[in-house]
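Guided by the hints, dock chain B onto chain A, whose structure is given.
Number of protein chains: 2
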Amino acid sequence: MFNILDCTLRDGGYYTNWDFSKETVKTYFEAFNHLPVEYLEVGYRSNPMKGYLGEYFYCPVPVLQQIKSLSNKKLVIILNEKDVRAEDAEPLLKPIAGLVDMVRIAIDPKNFERAVVLAKEVKKLGFEVGFNVMYMSTWASQKEFLDNLPLAAGAADIFYMVDSFGGVYPQDVRDTIALVKSKVDIPLGFHGHNNMELGLINTLTAIEEGCAMVDATITGMGRGAGNLKTELLLTVLNAQGKLDFDFNALSRVVDVFTDLQKYYEWGTNLPYMVSGANSLPQKNVMEWVSKRYYSFNSIIRALNNTSKGQQDNFRLPLLDFKKEPVFKSALIVGGGPSPVEHSDAIELFLKNNPKIAVIHASSKNAMSFKNVPNQQYFCLVGNEGYRLESVFGYSVPKKGKCILPPYPRKMGTYIPDSMKDNAYELSKIRFTDQFTDSHTAIAFQTALEFGFKSLYIVGYDGYNGVISEKEQELFNENVQLFEAFKKNTEIELISLTRTSYKQLESQSIYSQI
Amino acid sequence: MFNILDCTLRDGGYYTNWDFSKETVKTYFEAFNHLPVEYLEVGYRSNPMKGYLGEYFYCPVPVLQQIKSLSNKKLVIILNEKDVRAEDAEPLLKPIAGLVDMVRIAIDPKNFERAVVLAKEVKKLGFEVGFNVMYMSTWASQKEFLDNLPLAAGAADIFYMVDSFGGVYPQDVRDTIALVKSKVDIPLGFHGHNNMELGLINTLTAIEEGCAMVDATITGMGRGAGNLKTELLLTVLNAQGKLDFDFNALSRVVDVFTDLQKYYEWGTNLPYMVSGANSLPQKNVMEWVSKRYYSFNSIIRALNNTSKGQQDNFRLPLLDFKKEPVFKSALIVGGGPSPVEHSDAIELFLKNNPKIAVIHASSKNAMSFKNVPNQQYFCLVGNEGYRLESVFGYSVPKKGKCILPPYPRKMGTYIPDSMKDNAYELSKIRFTDQFTDSHTAIAFQTALEFGFKSLYIVGYDGYNGVISEKEQELFNENVQLFEAFKKNTEIELISLTRTSYKQLESQSIYSQI
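The listed protein sequences derive, respectively, from chains A and B.
With my numbering as the guide, the letters of the first sequence map in order to residues 1 to 513.
With my numbering as the guide, the letters of the second sequence map in order to residues 1 to 513.
Think of the hints as simulated: they come from the structure by calculation, not from any bench.
Treat the hints with caution; some may be incorrect.
As the list claims (entries may be wrong) - Derived DSS-like pairs (lysine-lysine); straight-line CA-CA distance at most 27 Å:
#1 B/LYS262 with A/LYS283
#2 B/LYS370 with A/LYS26
#3 A/LYS262 with B/LYS470
#4 A/LYS370 with B/LYS50
#5 B/LYS110 with B/LYS283
#6 B/LYS26 with A/LYS420
#7 B/LYS283 with A/LYS410
#8 B/LYS323 with B/LYS453
What the hints assert, rightly or not - Looking from chain A toward chain B, a few residues come up when the C-beta cut is under 10 Å (computed):
#9 ASN202
#10 ASN248
#11 ASN278
#12 ASN371
#13 GLN375
In this text, all values refer to a predicted model and were calculated from it rather than measured experimentally.
We put the beta carbon where it would ideally sit given N, CA and C, even for glycine.
Excised from the complex, chain A in its bound form:
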């Protein structure tokens, strides 16, 4: 027989920054008291890290005591081997002896030997020890790791194969199990990811091949595309007559995480499928997916560039700013709704001031500028070229040029056909080294190259009321870019439409016409 370990709180914490409401946690542990799952992995133990990380990243003693009072299951915590040395074992783990049954160690196979030293310290403190060794699809080619595999025998009670990229197939599971068995005699476990929706079949295969323990999470909540869904594994094993349990308990805990899922939207999608199928790390993909200004298209483009060697990248001519017309200033257009609301006033302002260049940070509002006579620059980050095309159809403004980020562009290069002869790249983002591939950075660098004393801005409205995490993130990025721009240049930033960015000086477009 085999055991099931549910690691929803630990792996789901990647989405919630390891905070969960008291009610969620209570429902979770009470439900599992009625379910045939032997181990619950509740979080990490860790030395203090920079930045805020929640309750279940540190699992302090009172938190574990509270869990212990709710749960009749074996509790598990995990250590990140890269951040934990053997001498950390005692201070991190002694306080939780008696509360936690098993300590797992997440291990890069490159550090396997070092991990064994840590594991022995953990074992001395009386815990069951689990190895979670990552990147199983790469093991066959890691000679040193394979040579060291026999060391696992004394050090760990269970040896997990982790499908870090979500890219393995059932046959790979079989092959890896055979490979490990040929080196060391130890109970095996399997932790699958769901990029290609192969979490279930890979796990069933692992069980069939004799694995002693498998991981799953409720609704698949977990880093990136997430994991095998606990409810799917239990339902299938129930239908096969291997387990019986209270579906109401299962349903109650699934309901709670289904609601969370609607907010955080974990699960697979095209970028995660591409990263899984091509065995690319999901960390980047997860960061890109969570940013609003990277469309799926751009991300897939970037992934393809990564897997196939920048095929989608080519150098463009640098824009020679000295040869551009002489302007007295520029109007930078963001993607907020105000430029459309005030388009008549903005058009009049530009007609009155033909020596103001228009720089579109986002193409979203470009259509409102179709008839202005001024020179226009369109900043094309990632997928923005497609947006420009869909905004304008195939008749772009004559006085228009495209500006792309410096080469090489990780999000690739797409320029609408009609603009191909008018596309240029910047040589460098000079005023900041953060978020250099954002729309705002490209637009402000373009303006900077012209050497104006002041810049007009519209469409950087900011947000009001309840905003999503993505909006919050975009807002914070813009704040940091504006502050870097002000710190490193002498240029005045004047917003002519409403804005909640305090870094911008606020005036009204109606005072200017």
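Frame of chain A; chain B shown alone:
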């Protein structure tokens, strides 16, 4: 080699009632012009059916002409064999000759012989013919069908195995292919569902075993839990070096359907997993899942009852209404927000009128009635017992009784522990034969048994502004129940809080205290 058929519009139509916006359709066909998919199944052809069914259920000639002008792919329509006889073939199909390349026939294996007759008529009209034979997991035990299988050879160009329940595993795919091959020599196809997230692995297995054609839909859009995702299949085949294509085209069409998915919420979930793993029909599950008052819990309970023989059902005593206290009227409490907003007034009204019974159609507002001295009846449909428990904790009102629907209850029986001795069932819903398992039907039947002249109602607020399809459906059900109640009884219905139900006479709770 094998071909791919995308049937997003045909199978996704189960969610949209076969209507899709012009923009969605345009993006769909334009994107597929750049993708390595040979066939696009766009919908059904059908004799006129009762009720509204959209554009892609009938695929009239102008619709197909429009599609033809957008697409460079082979187009496919499907016939529902159960509704189409051989003599219908010519009137349905002759008008679309030249527009459509392949006609598929969805076949219950029980009607296989009849389907072959239809197929021959279709073939005469010059179409490629596909058989989509359902319930593949049951074939091995259908002797007559197996005996008739050789008839497929002359009649169809391709013979699809359809995993109707979403319950087959890769080994089942292999076994079924071997079974069919042992009876008839014909190119095979596979149409998988995704209840257990086995769509991909089953399809890859089918390809490996020599299938000539496989189905998929964008984002898996399709009846119930949906299908193998086209983007997943293409991504995997691309990573395996078997296909190359424009990921931007794929991403554009995925984006459009991802937005639709957020509204319609197709895809697997716990009820679909249970129905798949136990090979139960998904039609019921899909209907239940789309109704707001069936929680997942109730549905799983119902599915378990179906698969395991009503284990969760038992007879309760009938409530003897003659032995209940004498009331002059009742107040029926719905689940809208107004009872909480006006709880002080309602409490005063009930204190002033101790001979008014309180009947809770929903337990949502029960907490606001905790302190009223009146007798209370809680109608427990499906999962409502859990809600009652979670509302009250374990201290339910002393003067409280539970009323359950008539036996047998398809959603099972759950009564909070503390109420077990005070739970009764109704013998019959008499005033209507529609929606007899809804909260409102139970509450109004309870009131009817008492024989009042008029009934007070609170919390049937109805909806304002933009409402979801589920809310609309619930609203319509209540309208029909109110109308049936008025038609079949002499009882006056007086709403004391705001209501948008025109069937209720509107007064104010503040005029009664």
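Hint by hint, here is what the structure shows:
Of the supplied pair hints, the one linking B/LYS262 and A/LYS283 holds, its CA atoms being roughly 25 Å apart against a limit of 27 Å. Annotation: proposed proximity of B/LYS370 to A/LYS26 holds, straight-line Cα distance about 25 Å (limit 27 Å). Taking the CA atoms of A/LYS262 and B/LYS470, the gap is about 17 Å. The hint holds against a cut of 27 Å. For a cut-off of 27 Å, the pair hint linking A/LYS370 to B/LYS50 is broken: about 49 Å separates their Cα positions.
Annotation: proposed proximity of B/LYS110 to B/LYS283 holds, straight-line Cα distance about 19 Å (limit 27 Å). With a CA separation close to 26 Å, the supplied pair B/LYS26 and A/LYS420 stays within the 27 Å bound. Straight-line distance between C-alpha atoms of B/LYS283 and A/LYS410 comes to about 46 Å, which puts the hinted pair past the 27 Å bound. Between B/LYS323 and B/LYS453, the direct Cα distance comes to roughly 19 Å. Compliance with the 27 Å bound is thereby established for this hinted pair.
Of the supplied interface hints, the one on A/ASN202 holds, with its beta-carbon coming within about 9 Å of a beta-carbon of chain B, less than 10 Å. A distance limit of 10 Å between C-beta atoms decides the matter here; for A/ASN248 the minimum to chain B is near 5 Å, and the interface restraint holds. A hinted interface residue such as A/ASN278 counts as satisfied when its beta carbon comes closer than 10 Å to some beta carbon of chain B; here the least separation is about 5 Å, so the hint holds. Interface hint status for A/ASN371: violated, as the beta-carbon distance to the closest one in chain B is roughly 25 Å, over 10 Å.
For A/GLN375, the interface hint is violated, the least distance from its beta-carbon to any beta-carbon of chain B being 29 Å, above 10 Å.
Going down the numbered hints, you'll see the structure goes against 4, 7, 12, 13, while the others check out.
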